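Number of protein chains: 2
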Amino acid sequence: MMRYFEDFAEGQVYDLGEVRVSEAEIVEFARKYDPQSFHVDPAAAQRSIFGGLIASGWHTGSMYMGLLVRGLLQGSASLGSPGVDEMRWLKPVRGGDLLRGRVTITSVKPSSKHAGRGTVGTLGELFNEQGERVFFVRSSGIFARRPR
Amino acid sequence: MMRYFEDFAEGQVYDLGEVRVSEAEIVEFARKYDPQSFHVDPAAAQRSIFGGLIASGWHTGSMYMGLLVRGLLQGSASLGSPGVDEMRWLKPVRGGDLLRGRVTITSVKPSSKHAGRGTVGTLGELFNEQGERVFFVRSSGIFARRPR
Chain A
1057 MMRYFEDFAE GQVYDLGEVR VSEAEIVEFA RKYDPQSFHV DPAAAQRSIF GGLIASGWHT
1117 GSMYMGLLVR GLLQGSASLG SPGVDEMRWL KPVRGGDLLR GRVTITSVKP SSKHAGRGTV
1177 GTLGELFNEQ GERVFFVRSS GIFARRPR
Chain B
1057 MMRYFEDFAE GQVYDLGEVR VSEAEIVEFA RKYDPQSFHV DPAAAQRSIF GGLIASGWHT
1117 GSMYMGLLVR GLLQGSASLG SPGVDEMRWL KPVRGGDLLR GRVTITSVKP SSKHAGRGTV
1177 GTLGELFNEQ GERVFFVRSS GIFARRPR
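Protein chains in written order, with the working numbering: chain A, 1057 to 1204; chain B, 1057 to 1204.
Simulated from the structure, these hints should not be mistaken for laboratory data. Fair warning: there could be bad hints in the mix.
Treat identical chains as interchangeable: a pair holds within one or across any two.
Computed list of lysine-lysine pairs in DSS-like fashion (alpha-carbon distance at most 27 Å, straight line) [stated by the list, open to error]: (1) K1147 <-> K1165; (2) K1165 <-> K1088; (3) K1088 <-> K1169; (4) K1147 <-> K1088; (5) K1169 <-> K1147.
If you're wondering where the values come from, they're calculated on a predicted model, not measured in any experiment.
Model the full assembly from the supplied sequences, consistent with the hints where possible.
Okay, here's the thing in structure tokens:
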């Protein structure tokens, strides 16, 4: 069953399941994309204000995206996204953390330019096992309308 | 020479150098973090509105971060970032593209809470070889002040 633009409505909440964060992956991601010492060097991270290795915020955002795609977008007529309106890294994310994802539909707007498309606004969130919200992102996605 | 909060001023522009995008890396990143068909499946991407494989926006953001860290943050007293205020994926990014990064300092604010820190606002941008702006991100970073 394919999800189209018409299937989204303001206020819908989707549970996106969980992802376990691994310290090896934190370091592997950060070596490529964010090699600040508190993301790649355990000893330097220990001495930093974070008191140990933490995930790059871009890694955290990417893990959220993985949950969103596997939990919602893969069964949908997603046509990509124009970008992000706000993103916050609220708490450190560390190796061993189990993160649960959730997305709330915040708006639905048919496109005025493309008759066959619409924009869906989203609030995405990640929570750790202590129930703390560690991350949120306000974004939007373009979806195809259901073919007649 | 270490860069501290005091070394940043509104209007400064830093060239961050270049990164070559590889199609193999586009697919590798997307398989983990954004397995939508137009990021991982060349044939499906060909038939999509993008006409071929494009990089995940999270991959593009991460490549920008790589340039920012290697070009500026590694020689600085960076203490992380609270998040992003706006991010836009303006044009498709494809395998073979050469992206040039630039960051402009948009604000500097001493912290009212922590005497030894301040917040630096940034506008980060990526341009392709055709000179098209493909990506921008408005964000901020926390930096330590210069020790007396």
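Do the hints match the structure? See the list:
Taking CA atoms no more than 27 Å apart as the test, K1147 paired with K1165 passes between copies only; the shortest distance there is 22 Å, against 32 Å inside one copy. Neither within a single protomer nor between protomers do K1165 and K1088 lie at most 27 Å apart by alpha-carbon distance, with minima of 37 Å and 30 Å respectively. When the C-alpha separation of K1088 and K1169 is checked against a cutoff of 27 Å, the pair qualifies neither within a copy, at 38 Å, nor between copies, at 33 Å. Taking CA atoms no more than 27 Å apart as the test, K1147 paired with K1088 passes in both settings, with 22 Å inside one copy and 23 Å between copies.
Taking CA atoms no more than 27 Å apart as the test, K1169 paired with K1147 passes between copies only; the shortest distance there is 18 Å, against 39 Å inside one copy.
Hint violations for this structure: numbers 2, 3, all remaining hints satisfied.
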